[in-house]
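J.: Those protein sequences? They're chains Z and U, same order as listed. Once you know that position 141 of the first sequence is 151 in the working numbering, the rest is easy, because the numbers rise by one and skip nothing. Once you know that position 150 of the second sequence is 302 in the working numbering, the rest is easy, because the numbers rise by one and skip nothing.
Do not take every clue at face value.
[Unchecked claim] One-sided excerpt, in silico: chain U residues whose CB lies under 10 Å from chain Z:
#, residue
1, Val161
2, Glu177
3, Glu290
Calculated from the structure, these hints are not laboratory results. C-beta: ideal position from N, C-alpha, C; glycine also.
Chain residues, written in single-letter form:
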Amino acid sequence: MRSGDWVLAAAAAAAAAVLVNAGVAKLVSPGQLRGAAAEVSPLGGRLLTAALVRGLGMAEIVAGMGLLISQVRLPAAIAVSALGACFSALGALGLARGSSLPCGCFGAVGARPLGWTNVWLGAALVLAWPVIVLAGPVPALGYSQAAVLLASIAVVLLCLWLNRSLIAALRRAPRAETARSGVR
Amino acid sequence: MLIVLSCAVLVLAAGMVVLFAMFGELSARVGESGMVERSTEVRPLEGARLGQVPDSWPPTIGDPGTGEFTVLVLSSVCASCADIAAQLTEKPGHADWQTMGVVISTSHRDVGENFVTQHGLGGLPHYVDVGGEWVSGEFDVRMSPSALVFRDGRLVGAYIFHDVAALRAAVTGTMAAADQEPEKEEAWTERRG
């Protein structure tokens with residue numbers, strides 16, 4: 011593989027890591043995103059059911075995984091760009107309406123409301139389609155092997171980073187908490 | 153072969169993400185249920201060194217002075233302590249409690265400082281007690297959330313609590329009763345004399 015193909019595989023792996031972590035979070039905890047959506051748009055809150063949030067999460071995972079397989083990466087990139095545009099729009103809406111509730115975009119541990127993070131991450135994902143079109147063909151097997159391996163590493167690292175407060179609390183817990191009163 | 157191995161690793165990584173997501177959700181739900189079941193009971197804490205005058209006093213939690221002073225002992229790892237922190241800072245909060253300081257008992261300074269920042273305790277007099285050395289060394293207190301009540305710099309009461317308003321009422325009541333004791337003694341002495 012050329013160095014350009016490695017860069018492309020790494021970019022696809024990074025996008026897949028973001029989408030897999032975000033998608034799994036929505037599958038497990040759809041409530042927070044519904045709450046945040048209802049805060050910025052009451053109509054959106056009513057329309058965005060738990061099933062719809064979980065469907066969105068599944069779409070993110072499928073689109074992210076699709077980026078790693080050379081044969082389907084173009085339709086996957088179109089889906090990723092569309093999802094990115096939705097994230098950016100939701101982030102901009104959160105900024106405009108002064109969102110304060112945690113969006114739960116990366117799970118129940120996160121406390122960030124809809125805002126600039128969604129706008130920038132969404133904008134980066136929108137680039138998936140044009141980048142893949144401009145990059146042209148890649149060696150099928152080599153690209154998939156590299157992208158899947160890099161994605162595995164990126165998924166784990168991002169997961170650890172997103173859950174760092176939870177991990178720190180568990181690692182540094184000096185003693186177990188009793189039923190109602192914590193033993194220091 | 154490499155592609156199969158890579159896919160297997162990716163599946164394992166995705167499994168780890170699922171586990172963390174479920175753990176995070178569980179952690180959030182436990183926090184919520186803890187707040188719903190808040191108890192107003194204030195119980196004496198056994199084993200504290202009542203009568204102890206501490207050798208050292210962290211200046212950042214305020215001056216115990218000559219009157220009554222209460223130190224709330226929180227820990228960075230207990231869910232109840234996060235709820236106590238929320239009670240202290242959220243409206244109406246207890247910023248008007250002038251004779252109160254907060255000690256955050258923690259294993260590492262940065263974890264304690266994170267706790268202060270995360271729960272907005274920076275505006276209250278506070279001290280990060282690394283390893284719980286101060287509260288355990290001076291008063292043999294190893295429980296949180298707990299409250300240490302001082303009078304004239306001497307530890308006169310130690311309690312376990314979950315509701316700050318209930319604790320405040322209990323402390324105020326105890327102190328009022330303690331204030332009356334010398335008056336009763338004086339009156340008794342005068343009658344006998």
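J.: Look at each hint and say if it fits the structure.
T.: Hints and how they fare:
1. Val161: holds, 4 Å
2. Glu177: holds, 5 Å
3. Glu290: Constraint on glutamate 290 of chain U not satisfied, violated at 14 Å.
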